[in-house]
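Student: Protein sequences appear in the order of chains A and B. Using the working numbering, the first residue of the first sequence is number 342, and each one after it goes up by one. Using the working numbering, the first residue of the second sequence is number 342, and each one after it goes up by one.
Derived by calculation from the structure, the hints in this document are not laboratory data. Please read these numbers as outputs of a predicted model, since none were measured by experiment. Misleading hints may appear alongside valid ones.
In this list, chains with the same sequence are indistinguishable; a pair is considered to hold if it fits within one copy or across any two.
In the BS3-like style, the derived pairs of lysine-lysine whose C-alpha atoms are separated by at most 30 Å in a straight line are [to be verified]:
1) LYS471 / LYS563
2) LYS396 / LYS659
3) LYS452 / LYS659
4) LYS365 / LYS471
5) LYS659 / LYS428
6) LYS443 / LYS471
7) LYS428 / LYS443
8) LYS428 / LYS471
9) LYS428 / LYS396
10) LYS396 / LYS575
11) LYS443 / LYS460
12) LYS396 / LYS471
13) LYS575 / LYS365
14) LYS666 / LYS575
15) LYS468 / LYS365
16) LYS428 / LYS452
17) LYS365 / LYS396
18) LYS396 / LYS666
2 protein chains.
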Amino acid sequence: MAFLVKKFGGTSVGTVERIQHVAKMVQTARQSGDDVVVVVSAMSGETNRLIGLAKEIMPAVVDVRELDVLVSTGEQVTIALLAMALKELGVDARSYTGSQVKILTDSSHSKARILNIDKAPILDDIKAGKVVVVAGFQGVDEHGNITTLGRGGSDTSAVAMAAALSADECQIYTDVDGVYTTDPRVESRARRLDRITFEEMLEMASLGSKVLQIRAVEFAGKYNVPVRVLSSFKPGEGTLITLDEGENHMEQALVSGIAFNRDEAQITVAGVADQPGIAYSILGPIADLNIEVDVILQNIGENGLTDFTFTVHRDEYKRVMDFLKGRQAELNAEAIHGNDRIVKLSIVGVGMRSHAGIASRMFKALSENGINLRMITTSEIKISVVIDENFLELGVRALHEEFELADEVNNVS
Amino acid sequence: MAFLVKKFGGTSVGTVERIQHVAKMVQTARQSGDDVVVVVSAMSGETNRLIGLAKEIMPAVVDVRELDVLVSTGEQVTIALLAMALKELGVDARSYTGSQVKILTDSSHSKARILNIDKAPILDDIKAGKVVVVAGFQGVDEHGNITTLGRGGSDTSAVAMAAALSADECQIYTDVDGVYTTDPRVESRARRLDRITFEEMLEMASLGSKVLQIRAVEFAGKYNVPVRVLSSFKPGEGTLITLDEGENHMEQALVSGIAFNRDEAQITVAGVADQPGIAYSILGPIADLNIEVDVILQNIGENGLTDFTFTVHRDEYKRVMDFLKGRQAELNAEAIHGNDRIVKLSIVGVGMRSHAGIASRMFKALSENGINLRMITTSEIKISVVIDENFLELGVRALHEEFELADEVNNVS
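Given these sequences and hints, build the entire structure.
Tutor: Here is the structure:
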């Protein structure tokens, strides 16, 4: 007997059979007395098909208003089909587009932010015993223009819906059955976490454990909406993401998970003047090229000179190297060098806030395995190192072992 | 320098290339100073694809509300792509769904009727120099539910739009370049009409010259919107459909065209009591079966008995025959017989109102060609006969000749 918002992504609604399977899962929830609002994405492949059509017409798609009109049809197809599938099972249901519901956003087409949700019609339908099926990823601005929240925005729609409706839980169904201590393809002993905090999830997500859209997690944290990640295909409890660190548990795990990112490349601008404005003079023009920078690191300089290092996506490596080499004289740098064969490896856990010595345990475990650390950065609940890509799997397994993540005894967070 | 509503059907926008071609035609109109509102259908095949998905889920599609949510995405894709294609040509444009514009309809899902169009935003855009691109076939009811007007409803959308905006002309682009005196595949000398009246068009359309949706023509007649039928692919003036019979012309053609319908089957209930209520007792139950009846004919009876004859679509022939044979005793009929190898052949023309002798010229021409008339019905501007299907082409050519439709001298209507 709970009020649930359930979100199903493109893979979960990718075929008519899968939509029918989702309808059965919703039916089961209804039969056990739950009130259900379902948020769905476009059928997998549909959004890309639509964007493909747009690109045939506008090779450089500049008209984001019309692009939103176009791609928002993807979820509209799904809501209608799911509502039909529910009715076919005898479950009363009603679909709503983002405009109908209405999910008010700002006017930033293709990356709009949700401002308000008109919950009255939804609550009326719920009271009347209906399942409400809402198109994710889309909204409407104050002028009635169709907007979209950007890729993966259906997660955000679901969390916002759960927040607006004060739902008991926002359940995100994906093709994985929860959040793991690390990638099971790298460490077969990786274990599903029963629970993780929003902060940890943010660090895990941004580090490459792509279970949930990062904006959705931020949103959930801000409005304190409990989010559960579950599999559409495999029954199970999934992983609950909450503000609460799990006060009923005896002990907090020190480290919740091992995250990594294979897509990084590192670039160093060596021997530049250690003076105010140097970071901006290097990174400003790179931001202007619309290139995202991940790790940024500058050590204390000597003799008025310093080495400035950062990482970018591996695909951008050559472009950034060429760009900086062209600016070497202007920057008055001794050298520009880099490496696109590196990876980032991180440990994440709210437990490390209150425990010293986590970092040194990490470094020791890696050095015992002969792994050289090229860069180190830390935040309150995360320690990241950059290492040679060849050592990634070894490093993940070493840290998984060191922090006893596979050990059931440690399964307390 | 005119205010035009241009409507392009599914074939005209069936591919990205065709959408770009439509954009060029609209650009040309803009360049010659016209204000343009474009109404478009779904890309050909799209509506059927969507209905196919619905039928996979609901073999008997009963949820018309959700079906409308589903199929209305078809036109939404087209409006976005066309607006993009126009902008790519440097023509400022803005798309609107039926909900956005808004085209208010009643709540009869999948066969809604237009009640009102909010013309203010369109006129604002037109004033600002924009081309307005509107999704045809769809609207929104007073509760915000998406509705559709039924198959072919984009023609009706276009005419309603032209009426609401007091446009100078509603131009319907199709795959034919106008309305012909008869089907050119049957009579190669068939000639495109420069002009035809609404009444004639209604008779032509309902008789099988399927150029325009019949409801659109009724709508155009009611609001006196001049409609022009043109080809998307072949330049030309098309055919103008107006209330005005062409007063500037010296002489009115007696007959404007020869229409025919190959899909008919005739059924006779012979020897029933010639008494009040007999027509209803035969046709009422057939209407309840959702079967449309075309020609209905009952001659003066003898000895208190009469023969009641009507035509149905050939596909329904067996069903209706079986049904009536099962009711023969109940109807107290002497016999039920029929023929599904017949066709209907008609001459249409407002000119025949004021000219006697047209019918006899028709019958004479047919009999001189050895064609036996099985049924005859007449209206003010139309005379129809039912004949054996083998004689259809011969009959069309004989009448085309008799009424000199191929003759340029007669090209005055």
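Student: Take the hints in turn and mark each one as holding or not.
Tutor: Right, here's what the structure says about each hint:
1. In this homomeric assembly, LYS471 and LYS563 come within 30 Å of each other (Cα to Cα) only inside a single copy, at 29 Å, whereas the closest approach across copies is 42 Å.
2. When the C-alpha separation of LYS396 and LYS659 is checked against a cutoff of 30 Å, the pair qualifies only within one copy, where the shortest distance is 26 Å, while the shortest distance between copies is 51 Å.
3. For the identical chains of this complex, LYS452 and LYS659 are intra-copy neighbours only, at 28 Å inside a copy versus 58 Å across copies, given an alpha-carbon limit of 30 Å.
4. In the homo-oligomer, the alpha carbons of LYS365 and LYS471 lie at most 30 Å apart inside one protomer (15 Å), although the nearest pairing across protomers, at 47 Å, exceeds that limit.
5. Taking identical chains as interchangeable, the C-alpha atoms of LYS659 and LYS428 are never at most 30 Å apart, the minima being 54 Å within one chain and 34 Å between chains.
6. Proximity of LYS443 and LYS471 under a CA criterion of 30 Å is satisfied in both settings, with 17 Å inside one chain copy and 28 Å between copies.
7. Proximity of LYS428 to LYS443 under the C-alpha cut-off of 30 Å is found in both arrangements, the shortest distances being 23 Å within a copy and 29 Å between copies.
8. For a Cα distance limit of 30 Å, the shortest separation of LYS428 from LYS471 inside one copy, 10 Å, qualifies, whereas the shortest one across copies, 43 Å, does not.
9. When the C-alpha separation of LYS428 and LYS396 is checked against a cutoff of 30 Å, the pair qualifies only between copies, where the shortest distance is 13 Å, while the shortest distance within a copy is 37 Å.
10. Taking CA atoms no more than 30 Å apart as the test, LYS396 paired with LYS575 passes between copies only; the shortest distance there is 28 Å, against 37 Å inside one copy.
11. In this assembly of identical chains, the alpha carbons of LYS443 and LYS460 lie at most 30 Å apart whether taken from the same copy (8 Å) or from different copies (23 Å).
12. In this homomeric assembly, LYS396 and LYS471 come within 30 Å of each other (Cα to Cα) only across copies, at 22 Å, whereas the closest approach inside a single copy is 39 Å.
13. In this assembly of identical chains, LYS575 and LYS365 lie within 30 Å of each other by CA distance solely inside one copy; the values are 14 Å within and 52 Å between copies.
14. In the homo-oligomer, the alpha carbons of LYS666 and LYS575 never lie at most 30 Å apart, since the shortest distance is 51 Å inside one protomer and 57 Å across protomers.
15. For the identical chains of this complex, LYS468 and LYS365 are intra-copy neighbours only, at 21 Å inside a copy versus 52 Å across copies, given an alpha-carbon limit of 30 Å.
16. With identical chains, the CA atoms of LYS428 and LYS452 are at most 30 Å apart between copies only, with a shortest distance of 21 Å across copies and 33 Å within one.
17. For a Cα distance limit of 30 Å, the shortest separation of LYS365 from LYS396 across copies, 18 Å, qualifies, whereas the shortest one inside one copy, 37 Å, does not.
18. Taking the shortest Cα distances, LYS396 and LYS666 never come within 30 Å of each other, neither inside one copy (33 Å) nor across copies (60 Å).
The structure fails hints 5, 14, 18 (numbered hints given earlier, in ascending order).
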